[in-house]
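Listed here are the chains, written in short residue letters.
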Amino acid sequence: MPFVNWLKRNLVVIAGLLTLGYLLLPNVVVTVFSFNKPKGRFNYEWQQFSLDAWKDPCGVSGLCGSLSLSLQIAFWATLGATLLGTLIAFALVRYRFRARGAVNSLIFLPMAMPEVVMAASLLTLFLNMGAQLGFWTILIAHIMFCLSFVVTAVKARVMSMDPKLEEAARDLYAGPFQTFVRVTLPIAAPGIAAGALLAFALSFDDFIITNFNAGSTVTFPMYVWGSAQRGTPVQINVIGTTMFVVAVLFVLVSMVAGNRRNRQKA
Amino acid sequence: MTNQTGPGGDVRLTGIAKTYGAFTAVHPLDLTVPQGSFFALLGASGCGKTTTLRMIAGLEEPSAGTVFLGDQDVTALPPYKRPVNTVFQSYALFPHLDIFENVAFGLRRRGLKSVKKQVEEMLELVQLGEQARKKPHQLSGGQQQRVAVARALINHPKVLLLDEPLGALDLKLRRQMQLELKRIQTEVGITFIHVTHDQEEAMTMADTVAVMNGGRVEQLGAPTDLYENPRTTFVANFLGTSNFIEAEVDSRSGEEIVLKAGGGKLVLPEARCSAPTATGGKVLVGVRPEKISLSHADDAGEIPEGRNRITGRIADSSFIGVSTQYVVDSPVCSDFEVYAQNIDRDPRLVPGAEVVLHWNPAHTFGLDAAQDADAGVEEAA
Amino acid sequence: MSTLTEAPPPLAPQAPEPKRPKRRGRLTPYWLLLPGIVWLLVFFALPMIYQASTSVQTGSLEAGYKVTWHFATYWDALSAYWPQFVRSVLYAGTATILCLLLGYPLAYLIAFRAGRWKNLIMILVIAPFFTSFLIRTLAWKTILADGGPVVGALNTLHVLDVTNWLGMTAGDRVLATPLAVVCGLTYNFLPFMILPLYTSLERIDGRLHEAAGDLYARPWTTFRKVTFPLSMPGVVSGTLLTFIPAAGDYVNADLLGSTDTRMVGNVIQTQFLRVLDYPTAAALSFILMAAILLMVTFYIRRSGTEDLV
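Which chain is which? The protein sequence lines are A, B and C, in order. For the first sequence, this note's numbering assigns the number 1 to the initial residue and increments by one for each residue that follows. For the second sequence, this note's numbering assigns the number 267 to the initial residue and increments by one for each residue that follows. For the third sequence, this note's numbering assigns the number 648 to the initial residue and increments by one for each residue that follows.
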């Protein structure tokens, strides 16, 4: 029974590919429905092919404004979290100090906490302080929950770094600042970049914490949430599809470029 | 390549010591490395040799003592202000820079703008001119090692420190690189201080070897001197193999000491004895395995007069090509090792045979019997 | 010198040496930590304290709230909303198990069987992240639509009969049932299962499989005795990274479920943002946090894994 044997050998491959299909199916639906021309306010049923939404992606009021706000917040949150997180990661890997365990727990806890708990407690703080909810409260919250992820990513990289490299730099006439700029930072860069990318993605896509602490400010995820109650414009799908395609292309291009560079050097 | 150091470029350590909490890595130590010499610090892991090297480099702060380079006290200088460069154990090549930039690193940090010519010359010296634009991970272990040497040497340091630089290479490559490093050192005339746990490596390369043990220098001298005339059992065992017989001082005749061991007598030149030699005192008599001749007991009469001799029975023999190694059981010492060149093999010398071991008394050395005869055996293995 | 008599490996590193000499700056680590740690203390730890205090306050929105150590709020909240708590644990637990069952083959495929497709599959696993998860969750409304092909297929295969019997669906509908919520949770948190699984699988030396095969283990035995135990760190962190956010989620229950599928997240959100009953919301949130921390601690102890993320 060659077929049964083949099936047995490749069972895990088939199962894995099915899971991959499950993961990608919604993206396919999002893409297909970006070409839909829905009858009512909701874009859940296929009606007819149309390029309307693609021709006018900002055609719904508030959509592109919320998108630009989300990008701004993600940018600043990434910057803040990457800076603070990298400092913490270096302190944790490179120095022995008291309160190490406490610091580690404080880093770990936000990642082990359901978002809704952090969201609610942060709102309590803001309400008690009488803070004006909006751009700044969202930014503060995003830096807070991105921080731990940056620390984890950078820490892993710095830990795998040979401390002898920095000794070698100091031995070769590089002072503390030169050593950091010429050796430590370039070698830690992939970890910092990974942390920053993660922070950007987390911040840009965050809904729960933002929803609690945004007041009347509307980020892109909140716009989508609101439209799920009022009516979903096709433009949402256009933006979702564009983000997906741009991200995949970006990764593919950087991968191909990396491969080519390696091949030339070899 | 020119040697830029003026006269008085010796490395002098005075009373230098390093402690980590309760652990003493290096006991107060005085050491002078003459300018232009190839100096080796030899010892097992944890003997303090690397710590000593790192204190010279400035990577480790001494708990006490002073480091002089020539007349200058550099103890308080950070590594980047010392005219000293290091070849690290795992090379520590910068993975994000290519070979050219690795070698140019020190020059650039000192503000030199046009480094191209110097770097290219340096890469030629270590035969890596073709590899300038490759990244370190694309090179073999031997090539990486040469880059590490080039990266340090290009700065014309007063002293080049080598921290087990050949440890990661396979045996054949290691032999090749030993000769290569020796050639480079002769060519550039810079002082080399080489840390190693490999006694053969130290003896092949260095003019002077300091054997370290437990944070102290056990003995210092030229390789032949250390090998032929060790002053402690640790040195005797760490450098090569030694046989020891516990003996008692019987009498003296001129420059020679006569000792009693078991029923027999052994002769030892007084100059080669580092133990107190009062009559009745105990002495460990040492002799290297390759100095000993082996005769079958039936031929005992043919052995010339004036040689030290003991009797025994062959316990084991193993043929290893150029020589045959015997283990002989003797009343004065079990497991006596003898290496016999395979010139004319005596077919009677098989395990169980009764034999006489004999050697020229000039090859005997005497050590203080108060020490452990097996010190350094494990480390050298 | 007794410590020196053991034969050291020839390339062993030298003597205990600290990583770097401390010439100056014992305070340096504290300066590095200061900004980030202050941020976490003020915007993560302090809010927890505020929340704890809010949960024992009484009063009204108009008259203001005061701390009266009114612990009854906890009891009231639990007795009013225990079904939502149970649902949260049930849905999140089911989704976690499904994630493990679905994610393991894919992680295994990427780690050992993908060959030159490895990077591409990896990208495809991560790429959906770049489309807002709310948009992707809304797509499930289309996929699970009444009378759609998916529901039709499930009906034909009598899967719906089974789920009806389990109480996870009702009649011919999938949308607005527990099944839809679990399906959405599983989908949303699947990558959080796959990535740690893949990381720990990838660390496994391929020669171990050959060694197991050489020692008479059949493929399934090899998996059970070698691969799976070695991937335990990934399983532990994967299940935690899936269960924790799933238990606190309210988006899936809101978008794909109905009023009968509301989870504790929904209640907290409503109490906080709509009803403005802060003490009850704070108490619920605190209970959820305590429950999850307890579970996580117990789970980590049991599985004996320290390296979580």
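Honestly, the hints are just simulated from the structure, not real lab data. Just to be clear, a hint being listed does not mean it is correct.
Pairs of lysine-lysine residues, derived as DSSO-like cross-links and limited to a Cα-Cα distance of at most 30 Å, are as follows [stated by the list, open to error]:
1. K765/C <-> K400/B
2. K164/A <-> K383/B
3. K37/A <-> K8/A
4. K164/A <-> K400/B
5. K557/B <-> K438/B
6. K438/B <-> K164/A
7. K347/B <-> K164/A
8. K713/C <-> K8/A
9. K382/B <-> K347/B
10. K379/B <-> K438/B
11. K531/B <-> K548/B
12. K379/B <-> K347/B
13. K347/B <-> K401/B
14. K448/B <-> K401/B
15. K164/A <-> K379/B
16. K164/A <-> K382/B
17. K164/A <-> K557/B
18. K382/B <-> K401/B
19. K765/C <-> K401/B
20. K383/B <-> K401/B
21. K872/C <-> K55/A
22. K531/B <-> K164/A
23. K448/B <-> K383/B
24. K448/B <-> K548/B
Restraint ranges, calculated between C-beta atoms of paired labels, are given here [to be verified]:
25. E387/B <-> P163/A: 30 to 36 Å
26. L18/A <-> W867/C: 16 to 22 Å
27. N811/C <-> F97/A: 56 to 62 Å
Stretches of chain C that chain A covers, calculated by requiring three or more beta carbons in the stretch to come under 8 Å of a beta carbon on chain A [what the hints assert, rightly or not]:
28. 682-696
29. 765-771
30. 897-910
From a predicted model like this one, the values you see are computed outputs, not experimental measurements. Note that the Cβ used here is the ideal one computed from N, Cα and C, for glycine as well.
Checked hints:
no., hint, in the structure
1, K765/C <-> K400/B, "holds, 27 Å"
2, K164/A <-> K383/B, "holds, 28 Å"
3, K37/A <-> K8/A, "violated, 45 Å"
4, K164/A <-> K400/B, "holds, 21 Å"
5, K557/B <-> K438/B, "holds, 28 Å"
6, K438/B <-> K164/A, "holds, 26 Å"
7, K347/B <-> K164/A, "holds, 18 Å"
8, K713/C <-> K8/A, "violated, 66 Å"
9, K382/B <-> K347/B, "holds, 23 Å"
10, K379/B <-> K438/B, "violated, 39 Å"
11, K531/B <-> K548/B, "holds, 14 Å"
12, K379/B <-> K347/B, "holds, 19 Å"
13, K347/B <-> K401/B, "holds, 28 Å"
14, K448/B <-> K401/B, "holds, 26 Å"
15, K164/A <-> K379/B, "holds, 26 Å"
16, K164/A <-> K382/B, "holds, 26 Å"
17, K164/A <-> K557/B, "violated, 44 Å"
18, K382/B <-> K401/B, "holds, 17 Å"
19, K765/C <-> K401/B, "holds, 25 Å"
20, K383/B <-> K401/B, "holds, 20 Å"
21, K872/C <-> K55/A, "violated, 57 Å"
22, K531/B <-> K164/A, "violated, 56 Å"
23, K448/B <-> K383/B, "holds, 24 Å"
24, K448/B <-> K548/B, "violated, 42 Å"
25, E387/B <-> P163/A: 30 to 36 Å, "holds, 31 Å"
26, L18/A <-> W867/C: 16 to 22 Å, "holds, 20 Å"
27, N811/C <-> F97/A: 56 to 62 Å, "holds, 59 Å"
28, 682-696, "holds (count 12)"
29, 765-771, "holds (count 4)"
30, 897-910, "holds (count 3)"
The structure is inconsistent with the numbered hints 3, 8, 10, 17, 21, 22 and 24, although it conforms to all the rest.
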